[in-house]
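Chemist: Here are the chains, one letter per residue:
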Amino acid sequence: MAYLYRFDVSIGEKNVIAVIYADDDEGAFQHLDVELEKFYLKEPDVNEITLREKKRIVKKSGFILDEDEKGW
Amino acid sequence: MAYVKQWAENEKLNKTEIAKLEKDGLKIIDDIPYYAENGFDSIPKEQWDLFKWAGLYLQRPKEDGYFMMRVNVPSGILTKPQVETLAGIAKDYGRGVFDITTRQAIQFHWLEIQQIPDIFKRLEAVGLSSAGACGDITRTIVGNPITGLDPDELFDTSAIVKEVYDYFQRNEDFSNLPRKYKLSISTNLKNASNAEINCASFTPAVKVIDGVEKKGFHLKVGGGLSARPYLAQTVDAFIDPERTLEVAIAVTTIFRDYGYREKRHLARLKFLIADWGVEKFKEKLEEFTGPLPSKGEEPVEEWNAGYFYGVHDQKQEGLKFLGFNVPVGRLDAEEVFELARISGKYGNGEIRTCNSQNLIIPNVPAEMVDELLAEPIFERVTINPNSFMGHAVSCTGIEYCNLALVETKERMRHVALELDNRIELDVPVRMHMVGCPNSCGQRQIADIGLQGMKVRNKEKQMIEAYEIYVGGTLNAGGQFNEKLKGKIPAEELNDVLVNLLQYFKAEKNAGESFFDFVQRVGIDTLQVQLDSILEPAAS
Ligand code: SF4
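So the sequences go chain by chain: A and B. With my numbering, letter number 53 in the first sequence gets 55, and the count goes up by one each step, no holes. With my numbering, letter number 337 in the second sequence gets 381, and the count goes up by one each step, no holes.
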């Protein structure tokens with residue numbers, strides 16, 4: 003069973019939302035590191051990563067990322 | 045009576061709707077003997093979902109073939125033979141697990157398909173049923189657990205609940221609703237049935253008609269929690285108790301025929317009400333019922349959240365009802381047999397279940413109360429639980445739910461234990477813990493809601509953490525709680541809550557509830573307080 007994970011990533015002064023596909027929570031955190039390294043030219047200064055929600059991946063799955071209406 | 049499925053021609057129906065048109069959910073009950081005979085592998089995957097209409101869910105991982113079963117308990121009233129039958133099912137088939145749900149129903153786990161026919165037979169023999177306990181259908185009807193005994197209820201609703209429940213039970217005219225559908229009927233003045241979070245609720249009302257004061261109901265529609273919570277709103281109508289079934293049929297027909305079926309996530313009655321508003325809903329309702337009198341007065345007292353701890357007078361002189369705490373709503377089958385024996389010996393054998401996941405033993409003569417309370421089982425299932433333990437709720441959590449990000453049931457128990465050891469208050473504080481944003485544990489209506497998440501810090505240490513929500517209630521129409529900023533690491537949760545509650549204790553007025561306190565001091569003041577509590581930990 004795979005899941006879609008929604009993270010809050012606090013990098014320096016800003017907050018980034020990240021969505022990761024993985025089999026388990028541990029794997030999701032690990033893969034988030036890889037994606038962060040791939041995305042930023044310079045290794046980002048990550049303060050904290052928060053796993054907020056996971057959804058089962060059936061045929062369709064997704065998250066809405068709205069700054070004001072985060073639904074949490 | 046057959047009816048026309050007006051939605052059948054809609055080309056945009058979702059897949060579940062199309063499947064429901066092909067085969068009515070209740071029909072699965074006829075197929076179960078065959079599947080039981082031929083084993084779990086004989087059940088086609090496409091049929092798995094329909095088992096909900098029989099009150100059966102596959103536990104995860106679904107392929108293992110273990111079912112959860114929910115049994116309807118309308119208004120929470122169980123007779124002695126019913127209690128014994130339920131205990132027997134838990135013991136013989138369900139690994140002894142007996143859960144009371146937040147809608148007064150009973151839940152079993154670990155059932156296998158070949159056991160189901162015998163379980164159905166046992167349930168039927170005592171007038172119980174799991175049909176419609178899950179699925180897109182009228183679920184068990186929540187009611188006043190002390191109806192008929194309650195000195196504070198407007199009138200006895202047991203016969204009305206039974207009439208409405210019996211009408212909808214296995215009724216194929218109403219077994220294809222757009223989504224799950226929750227009714228409550230109660231005239232308990234303390235809103236024991238949580239009217240505002242049901243799809244449709246009949247609540248106590250009085251109205252002077254032709255110079256005579258009539259007792260009846262108001263109707264609230266469109267409530268429901270989950271990730272998009274709504275509080276039910278009151279329709280401008282006064283309902284004569286004799287017309288309860290007629291109005292319930294009308295409301296359910298409106299939901300069936302006008303409810304949304306294209307998008308499953310927008311199908312609950314609350315979305316139709318959010319679109320229409322209660323005025324338009326009333327117009328539609330009156331097309332079925334004819335003109336209804338406008339609403340009257342609501343003789344309500346403060347919400348009791350379904351808690352009835354202690355020994356209380358009944359309407360009937362000389363009789364008492366006793367409210368017990370069931371820790372996290374779970375009993376062992378042997379305990380249930382014991383409770384049935386005790387209720388038979390001291391009372392009339394009845395047990396009543398509450399939506400606070402607790403239970404009541406009614407009809408105990410006053411002079412027998414002390415002897416009853418001396419029974420050893422009441423050391424665990426206590427009549428006067430410690431305050432926090434007695435008002436702690438948690439979602440299923442990591443044990444049966446794989447969306448949980450953190451532990452909930454055990455942690456909630458530990459938090460409550462610790463708070464009871466460290467702080468004493470003059471009012472109860474209701475705490476609800478959930479393991480993700482889906483909020484199955486009704487986080488939104490708690491005094492203090494705790495929502496879990498996983499956090500990894502700069503040192504790459506992984507911890508479980510919680511956010512705190514304050515000030516939820518279903519008093520006076522209801523209000524959802526609000527989030528305070530700040531993530532509390534699980535290991536600091538006890539200390540932070542003790543500090544926050546110590547502040548509450550120091551600043552509160554005598555008898556002031558947590559909700560009233562939050563209203564009075566405001567969320568910003570509480571945020572400042574939480575920030576100062578968290579500061580030393582952060583530095
Ligand atoms: S609130 Fe989340 S974690 Fe808890 S039972 Fe519901 S889905 Fe699972």
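Each hint should be verified, as a subset may be incorrect.
Which residues of chain B face chain A? A partial, calculated answer using Cβ under 10 Å [said to hold, decoys possible]:
1. L102
2. Q103
3. R104
4. K226
5. V250
6. N446
7. C480
8. N482
9. K498
10. R500
11. K504
12. M506
13. K531
Each computed DMTMM-like pair below joins lysine to aspartate or glutamate, with the alpha-carbon atoms no more than 20 Å apart [as the list claims (entries may be wrong)]:
14. K96/B - E128/B
15. K258/B - E345/B
16. K226/B - E45/A
17. K504/B - D68/A
18. K529/B - E15/A
19. K328/B - E50/A
20. K504/B - E551/B
21. K502/B - D25/A
22. K529/B - D10/A
23. K504/B - D10/A
24. K135/B - E378/B
25. K504/B - E39/A
26. K531/B - E50/A
27. K165/B - E15/A
28. K531/B - E15/A
29. K124/B - E379/B
30. K552/B - D470/B
31. K106/B - E39/A
32. K57/A - E451/B
33. K44/A - E156/B
34. K106/B - D26/A
35. K504/B - E37/A
36. K504/B - D35/A
37. K57/A - E443/B
38. K61/A - E90/B
39. K135/B - E156/B
Hints were generated in silico from the structure; no laboratory data involved. Yeah, the Cβ is synthetic: ideal placement off N, Cα and C, and Gly gets one too.
Chemist: Are the hints correct? Go through all of them and say.
Modeler: Here's how the hints hold up against the structure:
A hinted interface residue such as L102/B counts as satisfied when its beta carbon comes closer than 10 Å to some beta carbon of chain A; here the least separation is about 14 Å, so the hint is violated. Because the beta carbon of Q103/B sits about 14 Å from the nearest beta carbon in chain A, more than 10 Å, this interface hint is broken. For the restraint placing R104/B at the interface with chain A, the shortest Cβ-Cβ distance is roughly 8 Å, inside the 10 Å limit, so the hint holds. Contact between K226/B and chain A, as hinted, is not supported at the beta carbon level, the nearest pair being about 22 Å apart and thus beyond 10 Å.
Interface restraint check for V250/B: the shortest CB-CB distance to chain A comes to about 40 Å, outside 10 Å, so the restraint is violated. A hinted interface residue such as N446/B counts as satisfied when its beta carbon comes closer than 10 Å to some beta carbon of chain A; here the least separation is about 7 Å, so the hint holds. Hint on C480/B holds. Least Cβ distance to chain A is approximately 6 Å, under the 10 Å limit. Because the beta carbon of N482/B sits about 8 Å from the nearest beta carbon in chain A, less than 10 Å, this interface hint is met.
The restraint placing K498/B at the interface with chain A holds, with a minimum CB-CB distance near 4 Å, inside the 10 Å limit. A distance limit of 10 Å between C-beta atoms decides the matter here; for R500/B the minimum to chain A is near 5 Å, and the interface restraint holds. For K504/B, the shortest C-beta to C-beta distance to chain A is roughly 9 Å, which falls under 10 Å, so the interface hint holds. The interface hint given for M506/B holds, since its Cβ lies 7 Å from the closest Cβ of chain A, which is under the 10 Å cut-off.
Look at K531/B: its Cβ gets to within about 7 Å of chain A, closer than 10 Å, so that hint holds up. Of the pairs offered as hints, the one joining K96/B and E128/B is violated, with about 24 Å between alpha carbons and a cut-off of 20 Å exceeded. The suggested pairing of K258/B with E345/B holds, with an alpha-carbon distance near 19 Å, which does not exceed 20 Å. Among the hinted pairs, K226/B with E45/A is inconsistent with the structure: their alpha-carbon atoms are about 52 Å apart, more than 20 Å.
In summary, the hint linking K504/B to D68/A is not supported, as the alpha carbons are separated by about 27 Å, beyond the 20 Å threshold. Restraint check: the Cα-Cα separation between K529/B and E15/A comes to about 17 Å, which is no more than 20 Å; the hinted pair holds. A C-alpha spacing of about 53 Å is found between K328/B and E50/A, which places the hinted pair above 20 Å, so the restraint is violated. Using a Cα cut-off of 20 Å, the hinted pair K504/B and E551/B is violated, with the two alpha carbons roughly 39 Å apart.
At roughly 24 Å between alpha-carbon atoms, K502/B and D25/A are farther apart than 20 Å, so this suggested pair is violated. With a CA separation close to 14 Å, the supplied pair K529/B and D10/A stays within the 20 Å bound. Note on K504/B and D10/A: the hinted pairing holds, with a Cα-Cα distance of about 15 Å set against a maximum of 20 Å. Pair hint K135/B plus E378/B holds up; C-alpha atoms about 7 Å apart against a cutoff of 20 Å.
A threshold of 20 Å between alpha carbons decides the hint, and for K504/B with E39/A the separation of about 15 Å falls inside it, so the pair holds. Between K531/B and E50/A the alpha-carbon distance is near 11 Å, which keeps this suggested pair within the 20 Å criterion. As the CA atoms of K165/B and E15/A are separated by approximately 64 Å, the hinted pair breaks the 20 Å bound. For the suggested pair K531/B and E15/A, the alpha carbons sit about 17 Å apart, so the restraint of at most 20 Å is met.
This hinted pair checks out: K124/B and E379/B have alpha carbons roughly 14 Å apart, not beyond 20 Å. With a C-alpha separation of about 10 Å, the suggested pairing of K552/B with D470/B holds against the 20 Å cut-off. For the given pair, K106/B sits about 37 Å from E39/A by alpha-carbon distance, which is inconsistent with the 20 Å threshold. For the suggested pair K57/A and E451/B, the alpha carbons sit about 17 Å apart, so the restraint of at most 20 Å is met.
Taking the CA atoms of K44/A and E156/B, the gap is near 55 Å; set against the 20 Å cutoff, the hint is violated. With a CA separation close to 18 Å, the supplied pair K106/B and D26/A stays within the 20 Å bound. Between the alpha carbons of K504/B and E37/A the distance comes to roughly 16 Å, so the proposed pair stays at or under 20 Å and holds. For the hint pairing K504/B with D35/A, the CA-to-CA distance comes to about 11 Å; that is within 20 Å, so the pair holds.
Using a Cα cut-off of 20 Å, the hinted pair K57/A and E443/B holds, with the two alpha carbons roughly 17 Å apart. For the proposed pair K61/A and E90/B, the alpha carbon gap of about 15 Å is at most 20 Å, so the pair holds. For a cut-off of 20 Å, the pair hint linking K135/B to E156/B stands: about 14 Å separates their Cα positions.
Checked against the numbered hints given earlier, this structure breaks hints 1, 2, 4, 5, 14, 16, 17, 19, 20, 21, 27, 31, 33; the rest are met.
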